[in-house]
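The task is simple: from the sequences and hints, build the whole structure.
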Amino acid sequence: MAVNEYLCISYFDNIIGPNTFYCNEDLSKDPESPNLGRILEFAEDKSTFILASQNFYTVNHIFFIESPYARGGKDLFMVSYLIRSESISDEIDDVFYYLDSKKPNLLQFVNELKKLEELPEVIRKNKGVNLEHNINQLGSKRFQKDFYVIFNKTYSNLSFKSKNNQKASIELIKKIFILGEEKVGKTNFLDQLKTIQLTLQEQSDLSTKIFEVILENVENLREECYDDFLNCKQCKIHNRCITQAQGFIIIFDGTHRKSIKQAKERYNLIIKKFAKYKPNNPIPILLIGNKFNSKKKFDTNFFLDGLNKKEAQKSNILTQVIELDLQNDKKELQNSFRWIIKKII
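Read in order, the letters of the sequence shown are residues 10 to 354 in this note's numbering.
Honestly, the hints are just simulated from the structure, not real lab data.
Misleading hints may appear alongside valid ones.
Stated by the list, open to error - Computed cross-link-like contacts, DSS-like style, restricted to lysine-lysine with a CA-CA straight-line distance of at most 30 Å:
id	residue 1	residue 2
1	162	150
2	123	55
3	285	273
4	203	273
5	351	323
6	203	270
7	112	123
8	352	270
9	134	123
10	352	281
11	339	351
Stated by the list, open to error - Cβ-Cβ distance ranges computed for the label pairs, FRET-style:
id	residue 1	residue 2	range
12	267	199	17 to 27 Å
13	150	113	28 to 38 Å
14	274	63	38 to 48 Å
15	56	161	23 to 33 Å
16	196	319	27 to 37 Å
For each residue, glycine too, the CB sits at the ideal point set by N, CA and C.
Rendered as structure tokens:
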């Protein structure tokens, strides 16, 4: 019987290249599994990301562990959670967001792995050796026991077979919030995207599926957030907190300076909020100047003047500014939404 879920730890060995440290099952025996080593081979910086192949969805986290034995003083590792695509159609509605909700579990797993003091020494003493089937022979008995406790606990928390886990992960599904004053086209923006999504339904490719599931988690941000300066007083659950958002779309009337000014204020308010939290993953902000049917030129210089883009870069915020007619420019609208999707994944 095929294994439907894997949890794997990989690392980069200077002698043999990417190597598997441990998986719950032997991944090399699964001909449909993705090549995790290929991912790790080209990794340079720590990051968390989702990938999809023909047969698997994966969420991965690349990180470093300090080691007195490694060149540069650090060993490169990656933890990966994999789900076979054919096994989840009836279990999980939003695969992409389900995997995204698992990122905190992987980060917790990484933090606990870093506490295993023997791990760098185990890697050093077995350079050039495939470790995957030899965990019971590595390190001290205490190391082996602690490793298995950490690994098995993480695998249990990740597994979609756990009903409690599925319920808990609902609150971890991150939102993309739409901000903007009244009558600038926020509702029209969502309606147009839903129309585009309907025209794409006949396509079964991955990009169409991602477009669909991300769209389902876009929602207008309530005015209380502006009144409370994004203090999240109205938050009842985790994913309603502004600091847990996966992205923002600010819509404004591109033909009126007052609306442009308010959009800049909202943008800078988000930047100020995130400056305190320093998100690990990039947060895209898409600013859309709705020109309606007007032929009036969008005053780009006036808009860009006053945006705190330097602070945005420090806070891992990505910014895109576009001008379009939300009612008629469907192709430009689709491309702008795909920009925010690409930055998220």
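Hints versus structure:
Distance restraint check for residue 162 and residue 150: the Cα-Cα separation of roughly 18 Å lies within the 30 Å cut-off, and the hinted pair is therefore satisfied. At most 30 Å may separate the alpha-carbon atoms for a hinted pair to count; residue 123 and residue 55 meet this at roughly 14 Å. At most 30 Å may separate the alpha-carbon atoms for a hinted pair to count; residue 285 and residue 273 meet this at roughly 19 Å. Distance restraint check for residue 203 and residue 273: the Cα-Cα separation of roughly 27 Å lies within the 30 Å cut-off, and the hinted pair is therefore satisfied.
As the CA atoms of residue 351 and residue 323 are separated by approximately 20 Å, the hinted pair is consistent with the 30 Å bound. Proximity of residue 203 to residue 270 is assessed by CA-CA distance (about 29 Å); at most 30 Å being required, the pair is judged to hold. Between residue 112 and residue 123 the CA atoms are separated by roughly 17 Å; this keeps the pair inside 30 Å, and the hint holds. Restraint check for residue 352 and residue 270: satisfied, since their Cα atoms lie roughly 26 Å apart, inside the 30 Å limit.
For the suggested pair residue 134 and residue 123, the alpha carbons sit about 18 Å apart, so the restraint of at most 30 Å is met. Between residue 352 and residue 281 the alpha-carbon distance is near 21 Å, which keeps this suggested pair within the 30 Å criterion. Our distance criterion of 30 Å between C-alpha atoms is met by residue 339 and residue 351, whose separation comes to about 18 Å. At about 24 Å, the CB distance of residue 267 to residue 199 agrees with the hint of 17 to 27 Å.
A beta carbon spacing of about 30 Å between residue 150 and residue 113 agrees with the range 28 to 38 Å that was offered as a hint. A beta carbon spacing of about 46 Å between residue 274 and residue 63 agrees with the range 38 to 48 Å that was offered as a hint. The beta-carbon spacing between residue 56 and residue 161, approximately 26 Å, falls within the hinted interval of 23 to 33 Å. Checked against the hint of 27 to 37 Å, the C-beta distance between residue 196 and residue 319 comes to roughly 33 Å, which is consistent with it.
The earlier numbered hints are all upheld by this structure, with none contradicted.
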